[in-house]
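Using the hints, position chain S against chain C.
These protein sequence lines are chains C and S, in that order. Remember, our numbering sits 72 above the position in the first sequence when you count from 1. Remember, our numbering sits 195 above the position in the second sequence when you count from 1.
Misleading hints may appear alongside valid ones.
[Stated by the list, open to error] Each computed PhoX-like pair below joins lysine-lysine, with the alpha-carbon atoms no more than 20 Å apart:
(1) S:K288 - S:K334
(2) C:K470 - S:K241
(3) S:K283 - C:K470
(4) S:K496 - S:K528
[Said to hold, decoys possible] Computed from the model, here is a short list of chain C residues facing chain S with C-beta under 10 Å:
(5) E177
(6) D179
(7) S207
(8) S247
(9) R251
(10) H483
(11) D486
(12) L600
Calculated from the structure, these hints are not laboratory results. For glycine and all other residues, C-beta sits at the position ideal for the given N, C-alpha and C.
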Amino acid sequence: MDNTIGIDVGGTFTDVILIRGEEVIKKGKITTRQEDLLTTILQALDFVEISDTPSIGHITVSTTLVTNAIIQKRLHPVELVLFPGSGMRISALNWPVPCRILSGELDFRGREVQPANKKEWEVLADDLRKGAATSIAISGKFSHRNNVLEENLAAFLKQEIPELKIALGSEWGQSNFYRRSLTAYLNSACTEIFSSFSAQLRKAVRARGCNAPIRVLKADGGVLPLEKIRPVESIYSGPAASVLGALAQNDGCESYVVVDIGGTTTDIGLVLSGNPLMSSSGARVGSFLTNVRSLAVRSIPVGGDSAVFMENGEACLASHRLGPAYCIGGSHATPTDAMRFLNLTDYGSFSKAEEGLALLLPENERNPEAIQQVALTVVRKMADQIGLAIEQLLMEWKAEPAYKVWEVLHHHPDFRFTIRLNGGGAPGIATVLEQRMNTETIVTDSSEVSNAIGAALAKTTFSWTLNLDTSLSRYRIEETGEQGEWEGPKKPHKEVEQFLRDLALRQAQEMGIETKTLQTDPFDYFPLVENYNTVGQIVRGAMHVPPGVIRRVSRGEKDE
Amino acid sequence: MNKTGIIFFPAFDWSLGESHPEREERLLYTQEQIFEEGIMDLPQIKQYSPGVADLMDVLRTQAIFPRLEKLHLDAHLIAAGSSIILGKAIMDKEIHNGFALVRPPGHHSGATVWGNRGFCTLNNEAILVNYLRAHYGIKKVAIIDTDVHHGDGTQDIFYYDPNVLCVSIHQDGRTLFPGTGFTDEKGGPNSWGSTLNIPLIPGVGDEGFLYALENWVLPRVEEFKPDIIINSAGQDNHYTDPLASMNVSARGYGKITEFIKPDLAVLEGGYSIQGALPYVNLAILLALAGEDYSGVIEPQKLQRREIGGETFRSYLLNLKRQNENIRPNWTLKKESCFPAGEWVCIEKNIFYDTDWFQEYRKDYIRKCNHCGGTVLTLSRNELTFEKAVLVRIPFEACEACVQTGYDLVEHFKNTEKTLLLQDQLQNKIMLWHDGREVSFDEQKNQTA
Chain C
73 MDNTIGIDVG
83 GTFTDVILIR
93 GEEVIKKGKI
103 TTRQEDLLTT
113 ILQALDFVEI
123 SDTPSIGHIT
133 VSTTLVTNAI
143 IQKRLHPVEL
153 VLFPGSGMRI
163 SALNWPVPCR
173 ILSGELDFRG
183 REVQPANKKE
193 WEVLADDLRK
203 GAATSIAISG
213 KFSHRNNVLE
223 ENLAAFLKQE
233 IPELKIALGS
243 EWGQSNFYRR
253 SLTAYLNSAC
263 TEIFSSFSAQ
273 LRKAVRARGC
283 NAPIRVLKAD
293 GGVLPLEKIR
303 PVESIYSGPA
313 ASVLGALAQN
323 DGCESYVVVD
333 IGGTTTDIGL
343 VLSGNPLMSS
353 SGARVGSFLT
363 NVRSLAVRSI
373 PVGGDSAVFM
383 ENGEACLASH
393 RLGPAYCIGG
403 SHATPTDAMR
413 FLNLTDYGSF
423 SKAEEGLALL
433 LPENERNPEA
443 IQQVALTVVR
453 KMADQIGLAI
463 EQLLMEWKAE
473 PAYKVWEVLH
483 HHPDFRFTIR
493 LNGGGAPGIA
503 TVLEQRMNTE
513 TIVTDSSEVS
523 NAIGAALAKT
533 TFSWTLNLDT
543 SLSRYRIEET
553 GEQGEWEGPK
563 KPHKEVEQFL
573 RDLALRQAQE
583 MGIETKTLQT
593 DPFDYFPLVE
603 NYNTVGQIVR
613 GAMHVPPGVI
623 RRVSRGEKDE
Chain S
196 MNKTGIIFFP
206 AFDWSLGESH
216 PEREERLLYT
226 QEQIFEEGIM
236 DLPQIKQYSP
246 GVADLMDVLR
256 TQAIFPRLEK
266 LHLDAHLIAA
276 GSSIILGKAI
286 MDKEIHNGFA
296 LVRPPGHHSG
306 ATVWGNRGFC
316 TLNNEAILVN
326 YLRAHYGIKK
336 VAIIDTDVHH
346 GDGTQDIFYY
356 DPNVLCVSIH
366 QDGRTLFPGT
376 GFTDEKGGPN
386 SWGSTLNIPL
396 IPGVGDEGFL
406 YALENWVLPR
416 VEEFKPDIII
426 NSAGQDNHYT
436 DPLASMNVSA
446 RGYGKITEFI
456 KPDLAVLEGG
466 YSIQGALPYV
476 NLAILLALAG
486 EDYSGVIEPQ
496 KLQRREIGGE
506 TFRSYLLNLK
516 RQNENIRPNW
526 TLKKESCFPA
536 GEWVCIEKNI
546 FYDTDWFQEY
556 RKDYIRKCNH
566 CGGTVLTLSR
576 NELTFEKAVL
586 VRIPFEACEA
596 CVQTGYDLVE
606 HFKNTEKTLL
616 LQDQLQNKIM
626 LWHDGREVSF
636 DEQKNQTA
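Extracted from the complex, chain C is given alone in its bound form (with noise of 0.2 Å):
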């Protein structure tokens, strides 16, 4: 049978699991070191002795490199040239970074309305000869609808600077002209910290005698071979992997939140029906507003590690970790001490955490009773931080946007929520969490390791969505970028799914995606009047291999 290996390197710990079938047959905690990931994945894998384990399916790595990379301005040079036409001013909004404005200006519907200068472009290349930038991104409003002014602009400074490596604005094909630009820039900038971090992953990975295809997880859920994935699109994969291990864990079409507490942040994610909410606009991260697809999850800066401090004689938490918890050998009092004192758990000494807690406290006033408060406190402060995160993603998921009337007429099913914990913290707060929320609060059964599950069995997964203008004869698909000709009747029917579904299971394909569970929203038609007269049609649809798990891990799973 099949074995398959997940990791998922958080900010503190890096878990790792081997699966074989449904049972878990290995399971792992070790320390991150942050600033040498792939050593740690490569000790996550010498844990499970990938080695001497025969058939392994595949390997997940859910990691941080990217994120912290961007957070830590870790960025490799990159040249941001917009053609923003007319419009808002570019200035309204806040641009991380430095950009070069260019003439050229196309409408709604990818039509020209200004011809670029190429004047410009002359200038643009000299000063690219004498910079030290050696990628450009290329970013034009509405190229989602025509990439034409980036096309030529990329094939006229291929020809002057072969050697520059062009990223362009259109292979992010959602609207937002602003996101587009910066997921362009991003995913430039961390393309060779991550090309690099791939190739030696890879390297080490063979040298272990393992052949296995080693794929990486999405902010989205999903997973894409280390080859195909775009580096930006590997931001915030640990709350995917939170909520794919709670997927893994639970029946089928239940729904509820999923609240993973990690050293230093807890993650929150929501499930409806079986299926992971996506968020309705791209990721965020750091100061970048990206096109990245995301699960809806919201992270707090509040985990198991976090500082414990006094402000006015009440305990208070930090937003950061200071190390690990008195009881387990750390310097400094955490929620993990503050749930041993409670016997809310076992984790690490009951005398240490009471003595951690004992020290915040002024030498005069260190009895049980005041000791028990202070942890009483922690808890509560820690589950209230948690039930105000989830209180907002479900206003969040009410509050999503509907542009048509059966959107608003069905909006939001009334669902009953139950909570499902993991993490390492997630025995000591459940109980009061599940007072806090007044709903029944659930700790997984490997909710310790459960986002290493969640990558290891996460599904593949894509989307296409098609725009089609057929007076214009042009097709676009956001998730590739892809712009094309449309060859089909002015007033298409059935033939335009049929066109996507066939365009869909191509891409697939080569993509390696499994499309057994493919799925086609409704398509809208839009009949193109003009001078009275009806000239063509804009056609919206879109197919989806949503995320999810290759399959459940079964309950009673085997402890090393």
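Frame of chain C; chain S shown alone:
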């Protein structure tokens, strides 16, 4: 930071016909434009989810004759409900101002509905305004209608109400639907002057429009001292509009918004769906959000002759003089069953071939020195002979007018097929069919 709320509800699955101006495609390019610009990512923009208005909220303001269940209201209830959501957000100080970018429009829909009039079935602004008066105790409201068509429905609903100032600036009714909105329409016996119509000659552009706002509309609004200003933001004054003949630009609309400073703008008409709407909507949104809209330039340039300068200024001055000199000429009339008091009677007769109804209506307004006066409306569809009665006791009604209203109800509820009571003062809405009171749950079940 001052937040601007927006509800974008393009009703992509609703139309009045495949090639009708009010079709699915209408806000498609507006969506492309505002989403592509990244408007929703502006830190001061807050997007709200659309909602559905309650039937009670509709009937407080409009009588749906002959029966609720005869009309398809879903899309209209969402447009009205969305306006209410933003109105509440403004009152609750979540946002500083807002834009209900919604379809279908509403400003031609009046006090009695019967069917769709000029693409409108429910009046989004009027329903919102009376919601805020009922729930937030707002006293005075100004509605400024900048659609190219006269806001006849809104005027009809508030014509007898001294606490709502209805201003409509539009292309002259002699050259455009609905053929009303002349400067002598100034309000009812207890509300004379609370309606202001400024019909413009075809061809007026940014300059003339802004001049009229600055020199007539804004001073009038300032004098009225409203608690809230609503803008019926139709966009068909744009020079590319296929149904009208004005010459306003997208940036002109930005400036109009900046002049009016509405608390809430509600989209009305505008049918140049490629040439104008994406740009006009963008300019209005940017103006509301306090952003620069000078870069919003529509690709199509103005090619018609614009009427402005001295020609326009003297036209407007003349119009203003006419307006000031008009004196009301009321017809006093009453029927034997009427309670004591003086009653002014105003008659109307209108035919719509779109939804095939012809309404003959008599409004009786009780002359009152203390309040807006109770209004009795006798309405009849001349094509079907269906009759219906509306009794409206206004917000801030005096005791005598309240009593009058209930006396009328006692009389008519047994004699008429359909009777609606809008007791706006006590926020009580009651409906009778064939002498039997209908509960609203019952109504909901029938429409569902």
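>> Hints numbered earlier in the text: which of these fail when held up against the supplied structure?
In response: 4, 7, 11
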